[in-house]
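> As they're listed, the protein sequences go chains A and B.
Quick note on our numbering: the first sequence kicks off at 1 and runs consecutively.
Quick note on our numbering: the second sequence kicks off at 1 and runs consecutively.
What the hints contain is simulated information worked out from the structure, not anything from laboratory work.
Since this is a predicted model, take the numbers as computed values, not measurements.
Ideal Cβ positions, reconstructed from N, Cα and C, are used throughout, including at glycine.
Where hints are given, some of them may not hold.
[As the list claims (entries may be wrong)] Each pair of labels, with its calculated beta carbon distance range: (1) G133/A / T340/B: 48 to 58 Å; (2) L193/A / S363/B: 50 to 60 Å; (3) L193/A / R387/B: 32 to 42 Å; (4) T392/B / N8/A: 23 to 33 Å; (5) L124/A / T266/B: 52 to 62 Å; (6) N18/A / R310/B: 34 to 44 Å; (7) R160/A / I3/B: 22 to 32 Å; (8) D76/A / I341/B: 51 to 61 Å; (9) N18/A / T392/B: 15 to 25 Å; (10) A261/B / D76/A: 53 to 63 Å; (11) D76/A / I3/B: 19 to 29 Å; (12) I3/B / L221/A: 45 to 55 Å; (13) R310/B / G68/A: 24 to 34 Å; (14) T60/A / A396/B: 22 to 32 Å.
Residue-level listing of the chains:
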Amino acid sequence: MATIEVRNLTKHYRQGKNLIRALDGVSLTFEEAEFVSVVGRSGSGKTTLLDLIGLLMRPTSGTVLIDGMDTAGLRDGQRADLRGRRIGFVFQEYNLLPALNVLENVMLPLRYQGGGREGRARALELLETVGLGDRTHSRADELSGGQQQRVAIARALVNRPALVLADEPTGALDTQTADELVTLMRRLNREELVSVVVVTHDLDLAARTDRVIRLKDGTVLSDDGQAAKVA
Amino acid sequence: MEILRNLGRRKLRSGLTISGIVIGIFALTTMGAMAEHMNALLAGGETYFGSSISVHGDGQGQSLLPMSKVAEVAQVPGVAAASPSYGFNAKPGDQNGISFGPGDLILSWDPNLSHSAFNLNFTQGHAPTARGEVAMGSDIAREFNKKVGDTIDLPVRPANAKPDFQSHSFTVVGLLGKTRTMPDTVAWITVPDAQVLLKDSLPAAIRDTVDTSQLTDSITAYGASGASLATLDQIAQRITDTVPGVQADKPSQTVGQFKSASTIFTAITTGAAVLALIVGGLSVINTMLMAVGERVREIGLKKAVGARTRHVLREFVTEAALIGAIGGGLGYGLGVALTTILNALMGASNPNQELFLVTPTLSVLAIGFAVAMGTVAGIIPAWRAARLDPVTALRAQ
Chain A
1 MATIEVRNLT KHYRQGKNLI RALDGVSLTF EEAEFVSVVG RSGSGKTTLL
51 DLIGLLMRPT SGTVLIDGMD TAGLRDGQRA DLRGRRIGFV FQEYNLLPAL
101 NVLENVMLPL RYQGGGREGR ARALELLETV GLGDRTHSRA DELSGGQQQR
151 VAIARALVNR PALVLADEPT GALDTQTADE LVTLMRRLNR EELVSVVVVT
201 HDLDLAARTD RVIRLKDGTV LSDDGQAAKV A
Chain B
1 MEILRNLGRR KLRSGLTISG IVIGIFALTT MGAMAEHMNA LLAGGETYFG
51 SSISVHGDGQ GQSLLPMSKV AEVAQVPGVA AASPSYGFNA KPGDQNGISF
101 GPGDLILSWD PNLSHSAFNL NFTQGHAPTA RGEVAMGSDI AREFNKKVGD
151 TIDLPVRPAN AKPDFQSHSF TVVGLLGKTR TMPDTVAWIT VPDAQVLLKD
201 SLPAAIRDTV DTSQLTDSIT AYGASGASLA TLDQIAQRIT DTVPGVQADK
251 PSQTVGQFKS ASTIFTAITT GAAVLALIVG GLSVINTMLM AVGERVREIG
301 LKKAVGARTR HVLREFVTEA ALIGAIGGGL GYGLGVALTT ILNALMGASN
351 PNQELFLVTP TLSVLAIGFA VAMGTVAGII PAWRAARLDP VTALRAQ
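Given these sequences and hints, build the entire structure.
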């Protein structure tokens, strides 16, 4: 069974008198432990797709299935729970909480989903994995950009999600740091058996993924890896 | 911990907000402590006068009553007991200092006091039973530094005493426990001694012609144990109607006066609470709204990692409540410190000049009020935070 499936996803906005078709009938499937990139120009619908898959917004029509469960009928609280348990997020601006130290930032999802002592051990293990085992009690703003993004990756994985959604994760990093980060994400994708979907403008990054989905004007222009897989 | 760090990130703003609450709760504590002191005083009077009937001359003749009236009052149906009653200023001519109570008094000990709902307990010794004995209230004993076995001259001779001023030596035989009301400042003597003091108080021209053992200042009458105010009012009316030359005060009227005064002091506390509410509440709302505005992305992130609406609501309300608790704790602490210092300074020479009483009720009210105010003031900002759309919040600049 596919881990995540989106069926005929559509998202339309009303902007004044104009109807914006941010996403228009997109259907995709993400299997376990895939490493996927979504590329396209600004306004192609990449971020909208990510927000819809991440259950951060509701589609105009269509649905998202997570582990075979149709999320269309779920209430906001149920969507939050499912999001917390099955989906991790990595953002361009890291979005670490300044009032929390590194370990507490990684453990943040556990606050809402539970996890206790086991969760703390998992967070410490992940921080070791991302190379920040010695910075657990540092404040987020004491870390470099690359280090902060590694903390964000550890946070995204702490609940053992099925899918990590990364929105321009290397957008704020220099080339070398970005390269190291992609290597790390690739490694965790294999070790943790977690699917990773990266929304990016960076074609070099996209080239390092197993599957590249190109969006244009809210529709799927091509789905290279899927085509390869089918073929 | 996260909440404290969030407050620490905006030290000036958090400090100013907490200061607003500190001022409000400080005012509530000090005003409340003053009101509690007065209310304790009034509550004692309410209990005493609500369970006894004061009988005095009807204003037509002399103010003193013949002793025979005591027996006549005692015969009135419904009266369980009646006693002669005498009262004198313990420090005649004392013009120094400010007194926040009835002042130091010498009263005749009433063996029938057990009929009253007012309880007096001796911490040492016993009630005066023989000539030359005095039992002292807690404040007056402290004022004159007396303990059982000591002697004291009463009334206290004033600096400008007239040549014929008389005082008498009494041996302290009992000390009463603190009541926070009138008995604390009373020296209790026997009726025969009180009659001697009555004679001393008469003009020299008639002093030796009057037999004060046959006179009383007033009469205190009691109904059956547990008699209601309405019943005592009826008995008072009956005394006035059936005993010639006397006027019995209806206890409900006296109690009403005490209650009116108590209402004023309660209004002072309420006013301070309203002040605290306005100053502190608006500060908290403002601070929390600014916090929500600054932490929009943080809220979006929390929602992205699985926080439900109620989680965000709870976190912000808790932060607001903590602001209230810190401000309340500091304000209450400052209030207690100030009232304790002032009580110590003012009561050093005379305990009757103490002005404040911090009761457990006031403590719970002050801190509870601050926390509740913070919580309520935090609800609107917290609700705004909790309802934020996660996508909009995450992309906020």
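> Return holds or violated for the Cβ distance of N18/A and T392/B against the range 15 to 25 Å.
holds (20 Å)
> Starting from the range 51 to 61 Å, see whether the pair D76/A and I341/B falls in it by beta-carbon distance.
holds (55 Å)
> Hint says 53 to 63 Å; check whether the CB-CB distance for A261/B and D76/A agrees.
With a Cβ separation near 56 Å, A261/B and D76/A satisfy 53 to 63 Å, so the hint holds.
> Holds or violated: the 52 to 62 Å window for the beta-carbon distance between L124/A and T266/B?
The hinted range 52 to 62 Å holds for L124/A and T266/B, with Cβ atoms some 57 Å apart.
> Lying within 48 to 58 Å: is that true of the beta-carbon distance G133/A to T340/B?
holds (52 Å)
> Does the Cβ distance between T392/B and N8/A fall inside 23 to 33 Å?
holds (25 Å)
> Return holds or violated for the Cβ distance of R310/B and G68/A against the range 24 to 34 Å.
Check passed, 28 Å falls within 24 to 34 Å.
> Would you say the C-beta atoms of N18/A and R310/B sit inside 34 to 44 Å of each other?
At 37 Å between Cβs, range holds.
> Would you say the C-beta atoms of I3/B and L221/A sit inside 45 to 55 Å of each other?
holds (48 Å)
> So does L193/A sit 50 to 60 Å from S363/B, Cβ to Cβ?
holds (58 Å)
> At the C-beta level, are L193/A and R387/B separated by a distance inside 32 to 42 Å?
Holds: the Cβ-Cβ distance is about 36 Å, inside 32 to 42 Å.
> In this structure, is the beta-carbon distance linking R160/A and I3/B contained in 22 to 32 Å?
Between R160/A and I3/B, where Cβ atoms are some 28 Å apart, the hint holds.
Comparing the model with each earlier hint shows no violations; every hint is respected.
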